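J.: Listed below, chain by chain, are the residues.
Protein chains: 2
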Amino acid sequence: MSSEPPPSSSASVDDLAADLSAAATLTPAAAADGTTAKEDPFASHYGDVPIEEIQSKAVSGRSWTKVGDLDEGAAGRTVLVRGAAQAIRPVSKKMAFVVLRHSMSTVQCVLVASAEAGVSTQMVKFATVLSKESIVDVEGVVSLPKQSLKATTQQVEIQVGKIYCINRAIQTLPINLEDAARSEAELEKAEQAGEKLACVGQDTRLNYRTIDLRTPSNQAVLRIHTSILHKFREFLLSKDFVGIHTPKLIARSSEGGAAVFKLLYNGHPACLAQSPQLYKQMAICGGFEHVFKVGPIFRAKNSETHKHLCEFVGLDAEMEIKEHYFEVCDIIDGLFVSIFKHLTTNCKKKLETINGQYPFEPLKYLEKTLKLTYKEGIQMLKEAGTKIEHMGDLNTKAEKNVGRLVREKYDTDFFILYCYPLAVRPFYVMPCEEIISGAQRIHTPELLAKRGSECGIDVNTISAYIESFSYGAPPHGGFGVGLERVVMLFCALNNIRKTSMFPRDPQRLVP
Amino acid sequence: MSSEPPPSSSASVDDLAADLSAAATLTPAAAADGTTAKEDPFASHYGDVPIEEIQSKAVSGRSWTKVGDLDEGAAGRTVLVRGAAQAIRPVSKKMAFVVLRHSMSTVQCVLVASAEAGVSTQMVKFATVLSKESIVDVEGVVSLPKQSLKATTQQVEIQVGKIYCINRAIQTLPINLEDAARSEAELEKAEQAGEKLACVGQDTRLNYRTIDLRTPSNQAVLRIHTSILHKFREFLLSKDFVGIHTPKLIARSSEGGAAVFKLLYNGHPACLAQSPQLYKQMAICGGFEHVFKVGPIFRAKNSETHKHLCEFVGLDAEMEIKEHYFEVCDIIDGLFVSIFKHLTTNCKKKLETINGQYPFEPLKYLEKTLKLTYKEGIQMLKEAGTKIEHMGDLNTKAEKNVGRLVREKYDTDFFILYCYPLAVRPFYVMPCEEIISGAQRIHTPELLAKRGSECGIDVNTISAYIESFSYGAPPHGGFGVGLERVVMLFCALNNIRKTSMFPRDPQRLVP
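Residue numbers (the numbering used here), protein chains in the order written: chain A, 1 to 511; chain B, 1 to 511.
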């Protein structure tokens, strides 16, 4: 980018903008003011940068400062920052504010027309008619504001000397970022004051996800993903687990049923893996001792619920065990406590940000995860006066009740309930609701084939899997958990769609 | 597991083994010897452990030692190890060797019949007739061998006191691990000596992948995956990149063509993402500054080649850029040099292991990656007497030639060739062959729609993507690379199938 973008180039960019006509009429800025750029001695201090100048043609050597890196130490320095024009507030013909946002930080930029600063009234006008969310470069001097600001970088503001628009947003965005970032509490408060504030519905948010993603809480939620995954991998790698990749495209088997996505693979019936279960077990048979796997899981469910997605990120592990699935429990215990600790200590600001829009109480967990038998769980329910069938599976309501009673008695939301009847689900773990399930697996082909048949599976369709256990297979067990479910429960979000960048549900395949 | 497995229980396990009859006739071991278990005072020191005893019923408190952890310091100690019986060598009625393998380590176990050791001839017999690859527990005293051994744990062996079979393999495995682990050099040497050794073809290996995976080179190759990924993530996280997940299930667009897997999504035409390109760009539009993504990529290619898979692991990154894709090049440079260094320094043993079966020269790279313009590349070819069309794209042969010339002149296999004509492929990186491709992307909706149309894409099918750029989009660029391709080239493997745990090619969907 040269420091003097010619107005003619700006116009040619606008020529391209057939559906951006509202924005196009605003440039060159000076025109709206009844003057021309030629009459403005500071015309080179502002304007639209033509796309040709940002096409990897030259390196200017200039250095940009990140909005998030601005602090009081920078006061007095001239900086160059790039960000989105989140808010634009004209004060007078001679003064305006532009709040620039980059990543999770914002800074207030001040334009005051004066010959000394090299700022003309045309330039102030240019800034005030920028469309919101346009990408803008600002050069200016960092100063300490006289009063506290709304921007996240509250300590400093920028006294603008130059301002260039890098890429314009359309004049009227389909959703307003301010509306999308509003909390229930703000809405209620406004309503009580007789004021009606706009709120953006879940579906509308998802339709315009690229805007919705810019809200502080969405930025935080999706960055927490990274933190959980990072800790998940770090912990398991420290225990010598091997990260593996298992195929998502698998031969179609009779077990699939309605919940499986079917397709043709070079003419052969195939489907998308509903879990990496068979393959992580085969990896154990393949001599990998203990493995983990992070990858998409596909479930072709028809019903819309607040906690199911058709595509989600599975965190799976499988490991040799010597005698007992308690060996798996120990890994789950260490792993999840380390994840929770990491979030609590290292993601404070992100959790506060989420809390700002979606208030929640922090998840309670113990240093050493509580383990209760199914019987003990039932006993607690009975003592609390809940009627329950003796050896039946716990339904969601009963599960929640156990969760509540455990919280009261042991002060934890996270515990392991094990020794399930019928050994159908030998153990699982739940904070309030079940999130992790796991078990010891069958390691002999005979028993596997027998149980498969009992469950109505045509074992011929999974023969490669079953045969793997006849080539020498160690006893093993493992667990699986959905990343989105962990985020949802840790942050007590009311809808799993909030935890996925581009969620897939039965009705949603775009964007 | 109790310390005294009753022979009757062993029999009941074998009853289950309808198709394991060959193995079944061998237990209880004593029977084959014409004696009965009752006559053997050490009958409790060996036998098959019934599956009921390894069903998470009890925790014995015994402690297992890992084969890989055995060293001279353990000499004199009694240890309990679990592993696969990789080799079984009877010496006499009173003596036998069993080589136990676990993960990437092996140890030789010695059985010598003596009242003092509690070992009977029946027990020696039991060990010698175990099927290869059966999972075995051995308890014994660690000793220093008199002569050097073939096992990886060459410093020590185990004087067996007890041996139990945990899970039997079938008597005749479909492929022999020893054959699968053999190098070309061994085969040639044997042939020269007039001996014919079995070798296992690529397809047969993949059919019985759970056995094939146990070869030292496969163990090493797939663990190198983990190392590459770990460094990929670590480097990008250190640069504040955010790990994201993008949907694999996407609406079917007209650009798909033949190479796309099609399916129905709740009745709507959908397909599997051939790359995360559109979504990682939308993440940038969503305010994430710089993102990376590790996940499966699907390509429904029909032709079989040595370097293409229908499903592979994509390593993708996308980032805001200020002016020039050199900013992306800098990330690629730092990232790949750090990965190569990590492999060279921390994966020495694994690389040696691979080298043992598939010899290769280490990849050459520079501390600061060499950047050459396309013109300079062409010039080098011309000077070397290669005829080449002036501004045409480099074909594979010409690419390889540039690679060879660069290696001769600059002593590196890894360099960045940039400034491609027509800006079609503004730059890419190659060690010998192209492995990484990347570019600055278009950040305005108008130019995007224009270029899309020029490329024959019905832009209506990707309107959500294109519209994202009208809501305020910063200039950005990125790159993508296949994990399997990186492993293949770093280890100079001749077939990409060797780098995938369960590869998918046009003909292969199982196991």
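Heads up, some of the hints might be wrong.
Where chains are identical, the list cannot tell them apart; a pair therefore holds if satisfied intra-copy or between any two copies.
[Said to hold, decoys possible] The list that follows gives simulated cross-link-like pairs (lysine-lysine, DSS-like), each with its CA atoms no further than 30 angstroms apart: (1) LYS341 <-> LYS382; (2) LYS231 <-> LYS348; (3) LYS239 <-> LYS450; (4) LYS231 <-> LYS94; (5) LYS368 <-> LYS196; (6) LYS450 <-> LYS57; (7) LYS368 <-> LYS66; (8) LYS349 <-> LYS322; (9) LYS66 <-> LYS382; (10) LYS371 <-> LYS94; (11) LYS341 <-> LYS231; (12) LYS341 <-> LYS239; (13) LYS146 <-> LYS375; (14) LYS348 <-> LYS239; (15) LYS196 <-> LYS375; (16) LYS57 <-> LYS371; (17) LYS196 <-> LYS94; (18) LYS162 <-> LYS341; (19) LYS146 <-> LYS400; (20) LYS387 <-> LYS189; (21) LYS262 <-> LYS146.
What the hints contain is simulated information worked out from the structure, not anything from laboratory work. Owing to the predicted nature of the structure, the values given are computational and were not obtained by experimental measurement.
J.: All the hints need checking, so say for each whether the structure fits it.
T.: Structure-based check of each hint:
{"no.": "1", "hint": "LYS341 <-> LYS382", "verdict": "neither (33 angstroms within a copy, 61 angstroms between copies)"}
{"no.": "2", "hint": "LYS231 <-> LYS348", "verdict": "both (16 angstroms within a copy, 26 angstroms between copies)"}
{"no.": "3", "hint": "LYS239 <-> LYS450", "verdict": "neither (34 angstroms within a copy, 52 angstroms between copies)"}
{"no.": "4", "hint": "LYS231 <-> LYS94", "verdict": "neither (51 angstroms within a copy, 52 angstroms between copies)"}
{"no.": "5", "hint": "LYS368 <-> LYS196", "verdict": "neither (48 angstroms within a copy, 59 angstroms between copies)"}
{"no.": "6", "hint": "LYS450 <-> LYS57", "verdict": "between (67 angstroms within a copy, 21 angstroms between copies)"}
{"no.": "7", "hint": "LYS368 <-> LYS66", "verdict": "between (41 angstroms within a copy, 26 angstroms between copies)"}
{"no.": "8", "hint": "LYS349 <-> LYS322", "verdict": "between (42 angstroms within a copy, 28 angstroms between copies)"}
{"no.": "9", "hint": "LYS66 <-> LYS382", "verdict": "neither (58 angstroms within a copy, 45 angstroms between copies)"}
{"no.": "10", "hint": "LYS371 <-> LYS94", "verdict": "neither (68 angstroms within a copy, 49 angstroms between copies)"}
{"no.": "11", "hint": "LYS341 <-> LYS231", "verdict": "both (10 angstroms within a copy, 24 angstroms between copies)"}
{"no.": "12", "hint": "LYS341 <-> LYS239", "verdict": "both (18 angstroms within a copy, 23 angstroms between copies)"}
{"no.": "13", "hint": "LYS146 <-> LYS375", "verdict": "neither (65 angstroms within a copy, 56 angstroms between copies)"}
{"no.": "14", "hint": "LYS348 <-> LYS239", "verdict": "both (27 angstroms within a copy, 20 angstroms between copies)"}
{"no.": "15", "hint": "LYS196 <-> LYS375", "verdict": "neither (52 angstroms within a copy, 63 angstroms between copies)"}
{"no.": "16", "hint": "LYS57 <-> LYS371", "verdict": "between (62 angstroms within a copy, 16 angstroms between copies)"}
{"no.": "17", "hint": "LYS196 <-> LYS94", "verdict": "neither (32 angstroms within a copy, 92 angstroms between copies)"}
{"no.": "18", "hint": "LYS162 <-> LYS341", "verdict": "neither (45 angstroms within a copy, 43 angstroms between copies)"}
{"no.": "19", "hint": "LYS146 <-> LYS400", "verdict": "neither (52 angstroms within a copy, 63 angstroms between copies)"}
{"no.": "20", "hint": "LYS387 <-> LYS189", "verdict": "neither (42 angstroms within a copy, 76 angstroms between copies)"}
{"no.": "21", "hint": "LYS262 <-> LYS146", "verdict": "neither (63 angstroms within a copy, 60 angstroms between copies)"}
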